[in-house]
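> Each chain, written out:
There are 2 protein chains.
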Amino acid sequence: MKQSKLFIKTKREAPKDEEAINARLLIRAGFIDKLMAGVYTFLPLGLRTLKKIENIIREEMNKAGGQEVLMPGLQPKENWVKTGRWDSMDDLYKIKDASGREFALGPTHEEVVFPLLKNVIFSYKDLPLYVYQIQNKFRMELRAKSGLLRGREFLMKDFYSFHTDEKDRDDYYDFMAKVYKNIFDILGIGDKTHYTLASGGTFSKYSHEFQTVTDAGEDTIHICCKCEMAINDDIIKENKSCPKCGESSFSPKKAIEVGNIFKLKEKFADDFGLKFKDKDGMEKTVITGCYGIGLGRLMGAVVESSYDEKGMIWPESIAPFQVHLIRLTTNDKRQTIFADKIYNALQKSGVEVLYDDREDIGAGEKFADADLIGIPWRAVVSERTGNKIEIKKRNEKKTRLVSEKEFIKTLK
Amino acid sequence: MKQSKLFIKTKREAPKDEEAINARLLIRAGFIDKLMAGVYTFLPLGLRTLKKIENIIREEMNKAGGQEVLMPGLQPKENWVKTGRWDSMDDLYKIKDASGREFALGPTHEEVVFPLLKNVIFSYKDLPLYVYQIQNKFRMELRAKSGLLRGREFLMKDFYSFHTDEKDRDDYYDFMAKVYKNIFDILGIGDKTHYTLASGGTFSKYSHEFQTVTDAGEDTIHICCKCEMAINDDIIKENKSCPKCGESSFSPKKAIEVGNIFKLKEKFADDFGLKFKDKDGMEKTVITGCYGIGLGRLMGAVVESSYDEKGMIWPESIAPFQVHLIRLTTNDKRQTIFADKIYNALQKSGVEVLYDDREDIGAGEKFADADLIGIPWRAVVSERTGNKIEIKKRNEKKTRLVSEKEFIKTLK
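If you read the sequences in order, they're chains A and B. Going by my numbering, the first sequence opens with residue 1, and the numbers climb by one from there. Going by my numbering, the second sequence opens with residue 1, and the numbers climb by one from there.
Chain A on its own, in the form it takes in the complex (with noise of 0.2 Å):
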């Protein structure tokens, strides 16, 4: 893509009310657009790179046997009412009709996803099953602070698993852990990222956390001195020791939830009478998991976890495209059609390129835009590069000189 084509421009500042690194390095890169506190537009940039994520997490989904659906935003009271959460559950947006009638927005689909699996589960035959969206959420915030990382409104993954017995269900949110593990370490956090033991809340004794250890987390979580377990603060405050081997010693260090898995013991199969016939005849209640991804949060984890003071540094399967082009301004024409060519070139092999083609624009702004935006390579062509391309990567700080098939030979 053009650059002189795309309708944002960078910004020297951010806006002065927002705090959170990953919101100010998004919005000055163009990336998203601030409609109110933890609300967000995607422009151009930021859409290709949460596009990109969203592939990698669907990709995975199908690959663990996930059937995907898509099921709505507005849902009905009475759904909400049935599993006690119409009153129970603070953060709900409710809306009321002309006609009186009211319905909930939903930050998580449990009351959707049961009812609709009642009709098509009977059988053991039937079962497992695994049933996933990538669909918007709404969560009531009254103060959303950090970005992408805390959203009224985001884009996330729900995964339901069903099975007919609790083995089942603990092998499959075992082999579920290693496939967000998996997800993790191909956006380049995965280092990074505790599989964290939290509690169940009402649904189950244990659950689990993906916890991103960055600066800009909101949640606290305490690596154990002794076994290394992470730990989230609601276990700790309550046990004060660690569940898994005792020791009371722990190092505390902030991180973001980018992910959470569930068991969910009867409590929704309950509420909707989500029951199976077993083999020998008996009925019996279904034994479900539910398994969530942000995408927004992920993206937002990303920045927070890979930056410098000249902007963001995205990882290759992420970023909004793999080479920045640039083209710094000059009277000699041959390096324009030079420039172009190369453009050409790497588009033609599947490179996604960002061209940097805009006219009287000097060298310093070009390579602080392109700092800024954090795209993997840089590739310059100017007066001083002759018939050879100047290549850098975003987080290195040497550059050297390519021909135009030394660098695609290098990309691939």
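Rather than coming from a laboratory, the hints here were simulated on the basis of the structure. Watch out, some of these pointers could steer you wrong.
As the list claims (entries may be wrong) - Cut-off 27 Å, straight-line C-alpha distance, at most; resulting in silico cross-link-like pairs (DSS-like, lysine-lysine): (1) B/Lys366 <-> A/Lys279; (2) A/Lys137 <-> B/Lys275; (3) A/Lys96 <-> B/Lys96; (4) B/Lys279 <-> A/Lys77; (5) B/Lys94 <-> A/Lys348; (6) B/Lys94 <-> A/Lys77; (7) A/Lys310 <-> A/Lys333; (8) A/Lys52 <-> B/Lys52; (9) A/Lys11 <-> B/Lys279; (10) A/Lys94 <-> B/Lys96; (11) A/Lys205 <-> A/Lys237; (12) A/Lys333 <-> B/Lys82; (13) A/Lys94 <-> B/Lys137; (14) A/Lys82 <-> B/Lys96; (15) A/Lys118 <-> B/Lys125; (16) A/Lys77 <-> B/Lys393; (17) B/Lys82 <-> A/Lys96; (18) A/Lys94 <-> B/Lys94; (19) A/Lys9 <-> A/Lys254; (20) A/Lys11 <-> B/Lys125; (21) A/Lys96 <-> B/Lys366; (22) A/Lys118 <-> B/Lys34; (23) A/Lys253 <-> A/Lys310; (24) B/Lys145 <-> A/Lys94; (25) A/Lys51 <-> B/Lys118; (26) A/Lys52 <-> A/Lys279; (27) A/Lys137 <-> A/Lys2; (28) A/Lys267 <-> B/Lys275; (29) B/Lys145 <-> B/Lys125; (30) A/Lys393 <-> A/Lys405; (31) B/Lys267 <-> B/Lys125; (32) B/Lys2 <-> A/Lys118; (33) A/Lys82 <-> B/Lys94; (34) B/Lys125 <-> B/Lys63; (35) B/Lys94 <-> A/Lys2; (36) B/Lys2 <-> A/Lys34; (37) B/Lys5 <-> A/Lys96.
The hints should help you fit chain B onto chain A, whose structure is shown.
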């Protein structure tokens, strides 16, 4: 995909409270599930078709120069007060949070895109500019009863164009009408879809609707008996005669509005102060247009336009799969192995196949399911087909026996 794994089964009967043919067929075939009136879950087959519609539209919008963004559903009340639509729009869902702050749940996005572009458009050099999204909308319908044709929640493509002058906008408007025509051609409803003169509401003198003629239509359009121009009900009630040729006899037809395009006059640009500096340094108001297509409604309109007594008949462009491969139950293991081989060969050739590998289900039920689901090609492997495949198009009666190679060649 193996049909035995598909978690949704077809139904013999549609829900009793569902009158619309599109909803009855889509529910019976397992494409959608009704959560409540006007609110549906897209199930795996339905989501595949929806995503295909989405990708066709996205490709055409990108070709038309559109830059894709993703705007929020939750919108600040202040923006809606500024345009006067907080009070004037009857079907706007309003939300109040626990602090008393009010929000709109977006049925359209002028209130977001105009303020966004005010920070981007300064000079004639920034124009023209085209921005679009494919995003979930909400509209307060008290009596939703037409399946996907009129939803409380629905996926929509909304496109906004920004210009220096009316001539440029009008040229683009005419160009977009052709882009729309092309989309409806790709979806197989081009012949039945009329470019229809409509009133411009408070925004402009005229707008245009794309109206697909079917008995299920909630609108009535009037085809001029002389010049064949299509005119919507509002205009006819006002004018009594054809605005183009003056003729006053019309042929009325029921139709579904699958798209609409608007010239916006200066309404929203004035509300949000969207101005630019012209070449001569003069400050002028940006001239705009907007262009919508409802994706779910389009899917419903295709169903209403293409079905028979047995079920739906999808065009190849948006069918959930290209081929419905049916293996009839047999004691001859060689036929089972042969059918599996065909399935793998088709997939390797890049053909999307739904493989009815279900055991213990008779030929009659499998054929009925295939007709109901409406995939363009039916391919049967049974004891009688030997080392050939019996193929048939959904909209044809004649079957023929072909080899694996011939079949793959036919599909390309």
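> Just to be careful, I want the Cα atoms of B/Lys366 and A/Lys279 compared with a cutoff of 27 Å; is the pair within it?
Given pair B/Lys366, A/Lys279 holds - Cα atoms ~26 Å apart, limit 27 Å.
> Against the 27 Å threshold, does the CA-CA distance of A/Lys253 and A/Lys310 hold or violate the hint?
Roughly 25 Å separates the two Cα atoms, so the pair holds.
> Does B/Lys393 lie within 27 Å of A/Lys77 when you go C-alpha to C-alpha?
Outside the cut-off at roughly 45 Å; violated.
> Taking only the CA atoms, is the gap from A/Lys118 to B/Lys125 under or equal to 27 Å?
violated, 58 Å
> Straight-line Cα separation of A/Lys82 and B/Lys96 no greater than 27 Å?
holds, 23 Å
> Are A/Lys118 and B/Lys34 close enough, with their CA atoms no more than 27 Å apart?
holds, 13 Å
> Given the hint that A/Lys51 pairs with B/Lys118, does the C-alpha gap stay at or below 27 Å?
holds, 26 Å
> Does B/Lys125 pair with B/Lys63 here, judged by a C-alpha cut-off of 27 Å?
holds, 21 Å
> Would the pair B/Lys2 and A/Lys34 pass a check requiring their Cα atoms to be no farther apart than 27 Å?
violated, 44 Å
> For a C-alpha distance cap of 27 Å, please report whether B/Lys82 and A/Lys96 respect it.
Satisfied, since the Cα-Cα distance of roughly 23 Å is no more than 27 Å.
> Quick one, are B/Lys145 and B/Lys125 close enough, alpha carbons at most 27 Å?
violated, 48 Å
> Within a Cα-Cα threshold of 27 Å, do A/Lys94 and B/Lys94 meet the stated pairing?
Holds, at about 10 Å.
The earlier numbered hints that this structure contradicts are 2, 4, 5, 7, 12, 15, 16, 19, 21, 26, 27, 28, 29, 35, 36 and 37.
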